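Asks: Residues per chain are reported as follows:
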Amino acid sequence: MDAIFLQVLNGLDKGGAYALIALGLTLVFGTLGVVNFAHGALFMLGAFCAVTLNNVFNISYERISETEKDFLGNPLKEQVPILQDWVGPDVAAFLIDWSVPLSIILAVIAMAIIGVAMERGLIKHFYKRPHADQILVTFGLAIVLQEIIRHYFGANPIPQPAPDAFSGAANVGALVGLGSNVIYPWWRLVYFLFSAMVIFGVFAFLRFTTFGMVVRAGMQDRETVGLLGINIERRFTIVFGLAAVVAGMAGAMYTPILPPDYHMGMNFLVLSFVVVVVGGMGSLEGAVLAGFLLGILQSFASMTEVKAILPGIDQIIIYLVAVIVLLTLPRGLMGRRGIAED
Amino acid sequence: MLRTLSRSDWLLMAIFTAIVVTLPWTMQPIGAAYPDLLQKFAIYGIFAIGFNILFGLTGYLSFGHAAFLGVGSYAAVWSFKLLTMNVLPALAFSVLIAGVFAFLIGYVSLRRSGIYFSILTLAFAQMSYNLAYSVLTPITNGETGLQTRAIRQSAEISLRDGDIRIIDQALGIQEFGVPITNLFGMKMSGYPGFYFCAVMLIVCFFVALCISRSNFGMMLKAIKSNQNRLNYTGIHTRPYLIAAFVISGMYAGLAGSLLAITDPIAGAERMQWTASGEVVLMTILGGVGTLVGPVLGAGLIKYAEQKVSSWNEGILNSAFSFLPDGAQAFFVELFSFFVGEGWHLTLGFMFMVIVIFLPGGLMEGFRRIGRAFNRARRSEGGRTTVAANTPAQERG
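Protein sequence lines, in the order shown, are assigned to chains X and H.
Once you know that position 45 of the first sequence is 45 in this note's numbering, the rest is easy, because the numbers rise by one and skip nothing.
With the second sequence counted from 1, adding 342 to any position gets you this note's numbering.
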């Protein structure tokens, strides 16, 4: 029981990331009808927002220390973050410690700009082109984005610490009354809660606002919405920006779990596409459900007991599920009729 | 089948052969006339021709073709390890294995079309890639890569670290040092290796030409233009699609085995999806659905890869030395993004530019130039040549 509970927990944070990326992919696909292979790169850019913010907070100058001395009694040099002189040592330490959660703000702003620019500058021209062209051009864009990141940040993963308050592990078992064997890192719980909140927010936005209503109508029938005199194109831009922001936030918050490097986007993208397909192209609920489901399945498949029976199953489980689902349920778990059935 | 080829097809074939055979001389001025690179031209040309049989003729975009390339490489190296260093069994073995593998994957993937097909093939390729790195390590030797070794001295050494080469042993062929691939004694490295690949390329090109002119090829093109209509007329399209998929997988397997022949080591990174993306780019760059385009695209990409990734700031500095100092520094800074390590950035930009501005690839570009040229001539009062030229152009 403990082991099962732990595996479910293990799957939740990864599932959260899959669900967030897949949500954006589905949103873009459902409204704009564009298959965006650069969505993983947006996730990666979000992660590097966190890295950037941390780097900015840590910009330092060198000065001679007043207290520290080496063994000869000469004063040592020390690195002082500029931030410290501006806001005082306590606030500076707090900001540096909380740089990852704070980077969400940066990620939202940066990704909104990037997303809108991308839609206006590139994606807009591909609405009428075949899916193959969309795949290819966004694939090219993904390569460009990740190479630019590599140029500035190098090829190695850059670890980002979680805030001290969340850096330990939680005794989740004791919390839910399952004994004390279920130990789980705090940050992963935070990530799961965060992703649940974002997903809830996006759904509420689409469900309860006029804008969301128009977007949902656009997902059903783009032409009719246009005929009603609604400027659907401008809303599409905003939807694309929203998807970019969601991916960016997901990436920024994921950095303490997985040190970001320039090709993390690609790795997540392939999996997220599989998630979208399993959930059903164009179904937001399906994307979220499949995201968590596949995340949990993957963590179960990586248990030693399972691997002893089926070696290597953890590597391929997601793809295997995708193949089976696609062959048995052609529209995915919750796909709707009429979406991408060419 | 040969009767279906028109005179212009034979002419195309002759010109193609002549160009391929003379590559070591014609490539001299642009500094590409060394065997390693020429071999790559030929090998990736074959890969792209094969990919084009699927994507160009039927319109099914496979994002997992590199899996067949990898499988072909592994099969070839195993043939070197178990049977003989002669390349012919390796070729046959790889093509066969890749064909079987393609049949299995194609049988499942081709149940769906459009994006779903792309994602299914991608999923299968990633699955193969992940398996090659993990469970299948006894066959693939994991990250180290599978390579040929000396003959093993005792049965305790695993087959990965010591070869047996049954046929070579039975024939009593002596080996000294590192075993080298050969064709009945002729070493398959350097120019002989290139010519072997070139012959393969020409044969493959010829087969592709025959396919595209045959009834089978017409059927594939019909699938691309309107599959529903074919279904309504009572034609079952799946066997044709599977055949096209298997043929294109066999081409990839052949290319993979040639990679192993010219350099007998096989690694799983050949199966990664970036490798699949590369062959898509080659085909797109040259021109989807044309015969010559994919070969042209493959050559260009491999050439650019070799050149651009070898440039560095020193070369850039000397290239821009004619500019004033400030401008020179600026341009060197700007272009240093794109060269050396930044080769992939160049690749990504090329990808985007081609898809955005020239979806038909270079062949489309040539055709447009030709058409503009014709129009200019016609408006000058010349004879109408467009009508006569168009059918032939569509064929090329």
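Everything labelled a hint here was simulated from the structure, so no lab data went into it.
A hint or two may mislead.
[Claimed, not checked] In silico DSBU-like cross-links for lysine-lysine, where the CA-CA straight-line distance does not exceed 35 Å: (1) Lys566/H - Lys128/X; (2) Lys124/X - Lys529/H; (3) Lys529/H - Lys649/H; (4) Lys563/H - Lys124/X; (5) Lys128/X - Lys563/H.
Note that the coordinates shown come from a computational prediction; the quantities given were computed from them, not determined experimentally.
Asks: Next step is simple, just say for each hint if it's right about the structure.
Replies: So, going through the hints one by one against the coordinates:
1. Lys566/H - Lys128/X: With Cα atoms ~18 Å apart, Lys566/H and Lys128/X stay inside 35 Å; holds.
2. Lys124/X - Lys529/H: Not OK: Lys124/X and Lys529/H at ~54 Å, beyond 35 Å, violated.
3. Lys529/H - Lys649/H: holds, 27 Å
4. Lys563/H - Lys124/X: holds, 30 Å
5. Lys128/X - Lys563/H: Holds. Lys128/X to Lys563/H sits at ~22 Å (cutoff 35 Å).
Checked against the numbered hints above, the structure breaks only hint 2 and satisfies the rest.
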